[in-house]
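Trainee: Protein chains in written order, with my numbering: chain A, 442 to 1066; chain B, 10 to 362.
Please keep in mind that the hints were generated in silico from the structure rather than gathered at the bench. Hints should not be assumed to be uniformly reliable.
Stated by the list, open to error - Under the rule of at most 16 Å between Cα atoms (straight-line distance), these lysine to aspartate or glutamate pairs were calculated in the EDC-like manner:
id : chain 1 : residue 1 : chain 2 : residue 2
1  : A       : K726      : A       : E699
2  : B       : K82       : A       : D639
3  : B       : K231      : A       : E912
4  : B       : K298      : A       : D958
5  : B       : K167      : B       : D148
6  : B       : K167      : A       : D735
7  : A       : K959      : B       : D322
8  : B       : K190      : B       : D203
9  : B       : K190      : B       : D242
10 : B       : K118      : A       : D639
11 : A       : K676      : A       : D639
12 : B       : K231      : A       : E778
13 : A       : K754      : A       : E699
14 : A       : K959      : B       : D319
15 : A       : K726      : A       : D697
Source: prediction; values computed, not measured.
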Amino acid sequence: MHLHGQISLRNDTILIREVEIKGRTPRQEYAGFKITSLDSSLISNYSHQSVADLISENSGIYIKTYGSGGLSTASFRGTGSGHTQIAWNKINLNSPMVGQFDMSLVPAGLIDDINIFYGGGSMNISSGGFGGIIDLETKADWSDKNIVHLNAGVGSFGRYSGLIKIKTGTQGFQSVTKAFIKNAENDFRYLNSVSGADPYWETRENNQVRQKGFIQEFYLKNAHSTYSARLWFQKTSRILPVPVITQAISPPEKQDDESFRAMVTYESSLGSANFNLTAAFISDKLEYDNEMADVYSRNFSKRILLRSELENKIGEMWKVRLAVNNDFNTVNTNNYEAEKIRNVLSADVIAQADITNWLTTSFLIRELLQGNKLLPPDFSASTEVKPFRQKYYLIKANYSRNSKIPTLNDMYWSPGGNPELKNENGYLSEITLEMTNILTGSLRIKNDLTFFRNHLNNMIQWHPGEFSYWEADNLNNILTTGLETGFDVSYSNSGFILSLNAGYTYTKAIYSDLDNDKASLAGNQLIYIPENQINTLLRICWHHVYSIFNTGYTGRRFLDADNSQYLPPFSVSDLRIGLKLTAGNIYYDAGFAIENLFNVDYQNIAYYPMPGRNYLLTIIFQLKK
Amino acid sequence: MQKIVLIFILSLMVISCTDETGPITSDPDDNYLSGRGVFVLNEGNFRSGNGSLSFFSYDSLKIYNNVFLDINKRPLGDIPYSMSMQGGEAYIVVNNSGKIEVVNSNDLKSIATISGIVSPRYISFINDRKAYVTSLYSDSVTILDLSANSISGYINIKRPSEAIVNINSNAYVAHWTGGNKIMVINTETNQVTDSIEVGMEPESMVIDKNEILWVLCNGGWKREYFAELIAIDTRTNTIDKRFTFPSKTDSPTCLQIDRKGEILYYINDGIRRMDINASELAPAIFIQKLNHTFYKMGINPDNDEIFITDVVDYLQKGNLLRYRNTGTFVSTMQVDIIPGGLCFKANPDTNTD
Chain A
442 MHLHGQISLR
452 NDTILIREVE
462 IKGRTPRQEY
472 AGFKITSLDS
482 SLISNYSHQS
492 VADLISENSG
502 IYIKTYGSGG
512 LSTASFRGTG
522 SGHTQIAWNK
532 INLNSPMVGQ
542 FDMSLVPAGL
552 IDDINIFYGG
562 GSMNISSGGF
572 GGIIDLETKA
582 DWSDKNIVHL
592 NAGVGSFGRY
602 SGLIKIKTGT
612 QGFQSVTKAF
622 IKNAENDFRY
632 LNSVSGADPY
642 WETRENNQVR
652 QKGFIQEFYL
662 KNAHSTYSAR
672 LWFQKTSRIL
682 PVPVITQAIS
692 PPEKQDDESF
702 RAMVTYESSL
712 GSANFNLTAA
722 FISDKLEYDN
732 EMADVYSRNF
742 SKRILLRSEL
752 ENKIGEMWKV
762 RLAVNNDFNT
772 VNTNNYEAEK
782 IRNVLSADVI
792 AQADITNWLT
802 TSFLIRELLQ
812 GNKLLPPDFS
822 ASTEVKPFRQ
832 KYYLIKANYS
842 RNSKIPTLND
852 MYWSPGGNPE
862 LKNENGYLSE
872 ITLEMTNILT
882 GSLRIKNDLT
892 FFRNHLNNMI
902 QWHPGEFSYW
912 EADNLNNILT
922 TGLETGFDVS
932 YSNSGFILSL
942 NAGYTYTKAI
952 YSDLDNDKAS
962 LAGNQLIYIP
972 ENQINTLLRI
982 CWHHVYSIFN
992 TGYTGRRFLD
1002 ADNSQYLPPF
1012 SVSDLRIGLK
1022 LTAGNIYYDA
1032 GFAIENLFNV
1042 DYQNIAYYPM
1052 PGRNYLLTII
1062 FQLKK
Chain B
10 MQKIVLIFIL
20 SLMVISCTDE
30 TGPITSDPDD
40 NYLSGRGVFV
50 LNEGNFRSGN
60 GSLSFFSYDS
70 LKIYNNVFLD
80 INKRPLGDIP
90 YSMSMQGGEA
100 YIVVNNSGKI
110 EVVNSNDLKS
120 IATISGIVSP
130 RYISFINDRK
140 AYVTSLYSDS
150 VTILDLSANS
160 ISGYINIKRP
170 SEAIVNINSN
180 AYVAHWTGGN
190 KIMVINTETN
200 QVTDSIEVGM
210 EPESMVIDKN
220 EILWVLCNGG
230 WKREYFAELI
240 AIDTRTNTID
250 KRFTFPSKTD
260 SPTCLQIDRK
270 GEILYYINDG
280 IRRMDINASE
290 LAPAIFIQKL
300 NHTFYKMGIN
310 PDNDEIFITD
320 VVDYLQKGNL
330 LRYRNTGTFV
340 STMQVDIIPG
350 GLCFKANPDT
360 NTD
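When you get a sec, could you build the whole thing from the sequences and use the hints?
Mentor: Okay, here's the thing in structure tokens:
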């Protein structure tokens, strides 16, 4: 399920009115790469859930989650969570300490659009995303008037949430304010079949989440330029549950996350030239307490990021883009022996040629400067072919070399961090076929099929050292191969809209180039990478009534390198129904969702039970003037 | 088109039908053979709940994996750490599950689960009715009532505890993580009566034929102190001998003793052994580690055979290595992830950690 954004139910963020097929011509800026989008109409259905829930149910990306509100990280194409980059308007959000991003911390309702750059396509944004990059967009909407949007939800297991959006301004100035609060007890019942001789029902404890935050954005534009300033603050407090097979900890583990992000952007277009400059400041605080184990972890990171792009057309055929990124990090933590500072500068040259009206190629070369050390250059090459003039068929192919700098924890964690670590690098290739058929004016079908192959080298792994603690080293090479296929149908007629988005992903992720002492692992699937995943989303709208049914299948996930233990497959379905009414300037939407409709008992991570059937009631009130 | 949609969704539902929820072992071993042998506690990965129990049978000379799961149809727990036998019952201490599984030592069928113990590490049987359990995080030693298989009390020793041995009317409890003391508990009164200062982080202990308590202190993980092997006279609770390892990088572990109580064994860059009357630490390696990663060791009280666990890379399945008491290699057997503690099923009343 990869194409929601391209079959879009366009509306004023909320209303579902008509079906639009967005452009099918090659995306000029990223020709030859697989890039999909989840647009605002889809995202609005997940206002009270996290981006992790949204991605999990609407893409082939595997989200490894510890449960509702628990740590949730994304895994693309058999790579690890550290190889998935999360960006906010193309500014990387991954922690410089752990190299990953907890997607459960971002309420989907704050985000306007989500663009997913697969594999080598991620290099158009930044380095290190072997699997890909998920770019969370917040943006101005110049077409609308002043809007006040209130969105409240109440659900099972002590869950309530609220989201408010206020948009105001003129043709040349926009202010957007978004604020949210979300609390959940997550005290669901589950069947414990591992702690005693006989299974018994018990209530999940120590699973509370408290979350709040806001985004404030200002946009100013004139004929050739746009200025924007964005602030994003949020705070999350969580009690961390333990796996049911382990002993409950008293007092329980606690984790507090606090982030402050600020971004200013200047964009200018003059003739055939475009210029973009972004400066961002990101401050992350993570505090973890485990009183029983006497662990009090205090982690503060500050980042200053600069990103600039200059793009210009040269003649009719060529387009050249120059990009410079600088990422300056400082980390203070009681887990390192001293404060650590790191600066990474990268410079890209991207050349794209529209050779004919059916053939486009592009080439990117990137040089990275880590501190004073110049790293081997990365590159990507892609091509995009439109074989039939009258049909929306595309063939895309690309090959890339990407590299990832070790996280600061890998290098400096005390004990065991290894400052001598080499960068991980990967050779990524993929080929995609996209076909869109318009059978009648109101019935459209789109299919896509992608094959990918990634060879990743010098993967960093923590292993036991000689002195009773674990150490980081470049140990393994990994090979991931697979296919992704999507099937989308949309139909509209006289107030009736139907769309079905379905996708299947097959992923084989194995160790490669094994030493003799690991030869027995040859061919074994890496842990927590499902070979098979299926997602479907069916949306039906008939005048004022709408219904959304989604179901996802996740195949078995092995739990050990020997592949002797695994979590069984599961399929979870959700059903949402709602009624929307408009009276003058006021819009109402009342929705009711049944999550885990068939009350499936399943685990995403071993011994972390997931909630059974549960309910969510949402009310939306929107005033537009 | 609606039919296509319906068929697709229905097919998904059919595909996904399963009664399975939790982790499944894909290739469980159906057989469990009784008789003499060695139990291997495979710790599994922390918080992964993939700890298991293996058994090497002297009768068939085969290894049987996942025996607890096979017989009791439920996983053993998170970090099974040690196991001891008393009469016809075996007590499996499952550290991160905070419990002790009590099973019949001849068929491994569950008898009871004693839960609610804070991070238990080792069990020591005081008599037929009473046992002590040490704790990695609690400041107390837990007292078990073996007739009811329940917790009957606590002894506050004001520090966490690891290894435990008892002799005559005293139990000796080591304060391992960050500690340097052996606490002495009167087993009749359940009171702390003495403490003995030793080296940094006393990790393992044995008692020799002369009632001397040998304490192996590994020097602490930060390598700020030298490791030491200390002999304590249990009649006076005073230090009799003190051997200091030559380098701070020495990190000896897993002190064991042979069946006669005369020869000490420990892991330090291979297996070392020394006579209890030796005047210096074992200078030579008795068994080379070669390409193995030695983790725990045990000496069979029946025949002095040496069993060593090899954790490989802590991620894939480990091995159980068997050697004659001469140091001659006999065989290697694949067990499960992070094989650790060993428990010998020797004569009916034999009890070892």
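Trainee: It remains to establish, for every hint, whether it holds in the given structure.
Mentor: Tested hints:
Distance restraint check for A:K726 and A:E699: the Cα-Cα separation of roughly 5 Å lies within the 16 Å cut-off, and the hinted pair is therefore satisfied. For a cut-off of 16 Å, the pair hint linking B:K82 to A:D639 stands: about 10 Å separates their Cα positions. With a C-alpha separation of about 14 Å, the suggested pairing of B:K231 with A:E912 holds against the 16 Å cut-off. A C-alpha spacing of about 14 Å is found between B:K298 and A:D958, which places the hinted pair at or below 16 Å, so the restraint holds.
In summary, the hint linking B:K167 to B:D148 is supported, as the alpha carbons are separated by about 5 Å, within the 16 Å threshold. At roughly 15 Å between alpha-carbon atoms, B:K167 and A:D735 fall within 16 Å of each other, so this suggested pair holds. Our distance criterion of 16 Å between C-alpha atoms is met by A:K959 and B:D322, whose separation comes to about 9 Å. At roughly 10 Å between alpha-carbon atoms, B:K190 and B:D203 fall within 16 Å of each other, so this suggested pair holds.
The straight-line distance between the Cα atoms of B:K190 and B:D242 is roughly 15 Å, inside the 16 Å bound, and the hint therefore holds. Between B:K118 and A:D639, the direct Cα distance comes to roughly 13 Å. Compliance with the 16 Å bound is thereby established for this hinted pair. For a cut-off of 16 Å, the pair hint linking A:K676 to A:D639 is broken: about 41 Å separates their Cα positions. Our distance criterion of 16 Å between C-alpha atoms is met by B:K231 and A:E778, whose separation comes to about 13 Å.
Of the supplied pair hints, the one linking A:K754 and A:E699 is violated, its CA atoms being roughly 43 Å apart against a limit of 16 Å. Taking the CA atoms of A:K959 and B:D319, the gap is near 14 Å; set against the 16 Å cutoff, the hint holds. Annotation: proposed proximity of A:K726 to A:D697 holds, straight-line Cα distance about 8 Å (limit 16 Å).
In summary, the numbered hints that this structure violates are 11, 13.
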